[in-house]
Amino acid sequence: MKKTAKIAAERLKNVILADKVAHPERLNDLLKSDITSLLEEYFELYPQSVKVRLQPSEYGLDILIDATAVRVKDFGNFGE
Amino acid sequence: MGRKIVITSGKGGVGKTTLTASLGIALAEAGKKTVLIDADIGLNNLDVVLSIENKVVYDILDVISGKCRLKQALIQDVDNPSLYVLPSAKLSDSPLLNAASFRNVADALALNFDFVIIDCPAGIDNGFHRAVSAADEAIVVTTPHISAVRDADKVLSLLSGYNLMSVGIVVNRVRGDMVSRGEMMSAGDIVRAVRCEPVGVVPEDDYITVYSSAGRVPFDTVSGRAFKILASNVINGTRNIFDCSARPRLSAKIRRFLGV
Ligand SMILES: Nc1ncnc2c1ncn2[C@@H]1O[C@H](COP(=O)(O)OP(=O)(O)O)[C@@H](O)[C@H]1O
Ligand SMILES: [Mg+2]
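Here the protein sequences come in this chain order: A and B.
By the working numbering, the letter at position 16 of the first sequence is numbered 16, and the numbering carries on one by one without gaps.
By the working numbering, the letter at position 143 of the second sequence is numbered 143, and the numbering carries on one by one without gaps.
Pulled out of the complex, with its shape left as it was, chain A reads as follows:
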């Protein structure tokens, strides 16, 4: 039989990770808009292509960012 402490520790881990992604809408919206404007500095993005996902992982949270660029912005030539 599994010891109660082991079960509790397992449940605790799950509860805490679930809490961390409990309010994903607001966090996601803010994150997405910030990441979009950052990426737009470098790329011409395909419209509505930025997706941000948070996923519990062994060390805390994985932040998965997915985006498509039509082209890289031309920074010109900086010289040496």
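Hints were generated in silico from the structure; no laboratory data involved.
Where is the CB? At the ideal position from N, CA and C, for every residue including glycine.
Possibly wrong hints are sitting among the right ones.
To be verified - Under the rule of at most 20 angstroms between Cα atoms (straight-line distance), these lysine to any residue pairs were calculated in the SDA-like manner: (1) B:K228 <-> B:T209; (2) A:K2 <-> B:G188; (3) A:K20 <-> B:E197; (4) A:K6 <-> B:G188; (5) A:K20 <-> B:T209; (6) A:K20 <-> B:C196; (7) B:K154 <-> A:L17; (8) A:K20 <-> B:H145; (9) B:K154 <-> A:G60; (10) A:K6 <-> B:K228; (11) B:K90 <-> B:L74; (12) A:K20 <-> B:R195.
Claimed, not checked - Computed far set for chain A versus chain B, every beta-carbon distance over 10 angstroms: (13) D19; (14) R26; (15) G76.
Said to hold, decoys possible - Beta-carbon label-pair distances, calculated as ranges: (16) B:I41 <-> A:D19: 26 to 32 angstroms; (17) A:S49 <-> B:M1: 29 to 35 angstroms; (18) A:D74 <-> B:M1: 36 to 42 angstroms; (19) B:E53 <-> A:K51: 56 to 62 angstroms; (20) A:F43 <-> B:A108: 24 to 30 angstroms; (21) A:P47 <-> B:H129: 36 to 42 angstroms; (22) A:S49 <-> B:H129: 37 to 43 angstroms; (23) B:H129 <-> A:D29: 21 to 27 angstroms; (24) A:S37 <-> B:K71: 49 to 55 angstroms; (25) A:D66 <-> B:S157: 24 to 30 angstroms; (26) A:S37 <-> B:E53: 53 to 59 angstroms; (27) B:R239 <-> A:N28: 18 to 24 angstroms.
Based on these hints, arrange chain B with the ligands on the given structure of chain A.
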């Protein structure tokens, strides 16, 4: 300039006030001039835990509103001349009780004390914000129960939004016998789940329960030793952890004496 540390938890009844009082005593015994700010308007107030409730004349609101000087409101502990308490306000809804005024009081105290320890109210509303805003460091208290650790984790997330120099966790009410039988989560389990540095582990101690109504807890008990280690960790930045696995019960003789 003294160090300002807030003792917080999220969940009520996990031992914030007990920890504030006992850490204060241990710091004072270690020769540090310490003042405890009661920022909680709860049932088990700091003054009651330290049995100085009869000495309260002025409180923090009187100081903020200018009714008395800071020095007049401080109560010196009977047993530890290096330990002082600033009692909590009886009214919690005064607009004068805000984060800025709390910080001013804590800053003024830090000029004359080595440690300013703030007993935070439960919950995460205004009272929490006031207390945390006045501190530079935080200690989050939890017990080894899922609901308490969950609240502690939420508080840790909130604390990351403040400009604190350090945040540590104390696991209180650990029963070594249950941990070794695999019936209770260990401090290690908890620290791993919340990913926060442990500054102390305090065992469940019958003395605390018994003495909490009668007066202060004698210092030479298992929890007293754990608080001593905690105080030395706080002072020196060390991370020595009290071993809860040896847990002597209240002896029959003391039980008889106390009639419990
Ligand atoms: N380590 C401990 N062993 C036994 N009882 C404890 C311990 N820590 C706290 N308690 C008891 O738990 C109750 C709540 O503690 P308290 O410090 O008032 O919590 P909080 O301030 O977080 O609400 C009190 O009755 C106190 O005596
Ligand atoms: Mg309290």
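Here is what the structure says about each hint:
| no. | hint | verdict |
| --- | --- | --- |
| 1 | B:K228 <-> B:T209 | holds (19 angstroms) |
| 2 | A:K2 <-> B:G188 | holds (18 angstroms) |
| 3 | A:K20 <-> B:E197 | holds (19 angstroms) |
| 4 | A:K6 <-> B:G188 | holds (12 angstroms) |
| 5 | A:K20 <-> B:T209 | violated (35 angstroms) |
| 6 | A:K20 <-> B:C196 | holds (15 angstroms) |
| 7 | B:K154 <-> A:L17 | holds (11 angstroms) |
| 8 | A:K20 <-> B:H145 | holds (18 angstroms) |
| 9 | B:K154 <-> A:G60 | holds (14 angstroms) |
| 10 | A:K6 <-> B:K228 | violated (30 angstroms) |
| 11 | B:K90 <-> B:L74 | holds (16 angstroms) |
| 12 | A:K20 <-> B:R195 | holds (13 angstroms) |
| 13 | D19 | violated (7 angstroms) |
| 14 | R26 | holds (14 angstroms) |
| 15 | G76 | holds (40 angstroms) |
| 16 | B:I41 <-> A:D19: 26 to 32 angstroms | holds (28 angstroms) |
| 17 | A:S49 <-> B:M1: 29 to 35 angstroms | violated (52 angstroms) |
| 18 | A:D74 <-> B:M1: 36 to 42 angstroms | violated (53 angstroms) |
| 19 | B:E53 <-> A:K51: 56 to 62 angstroms | holds (58 angstroms) |
| 20 | A:F43 <-> B:A108: 24 to 30 angstroms | violated (53 angstroms) |
| 21 | A:P47 <-> B:H129: 36 to 42 angstroms | holds (41 angstroms) |
| 22 | A:S49 <-> B:H129: 37 to 43 angstroms | holds (39 angstroms) |
| 23 | B:H129 <-> A:D29: 21 to 27 angstroms | holds (25 angstroms) |
| 24 | A:S37 <-> B:K71: 49 to 55 angstroms | holds (53 angstroms) |
| 25 | A:D66 <-> B:S157: 24 to 30 angstroms | holds (25 angstroms) |
| 26 | A:S37 <-> B:E53: 53 to 59 angstroms | holds (57 angstroms) |
| 27 | B:R239 <-> A:N28: 18 to 24 angstroms | violated (36 angstroms) |
In terms of the numbered hints stated before, the structure departs from hints 5, 10, 13, 17, 18, 20 and 27, listed from lowest to highest.
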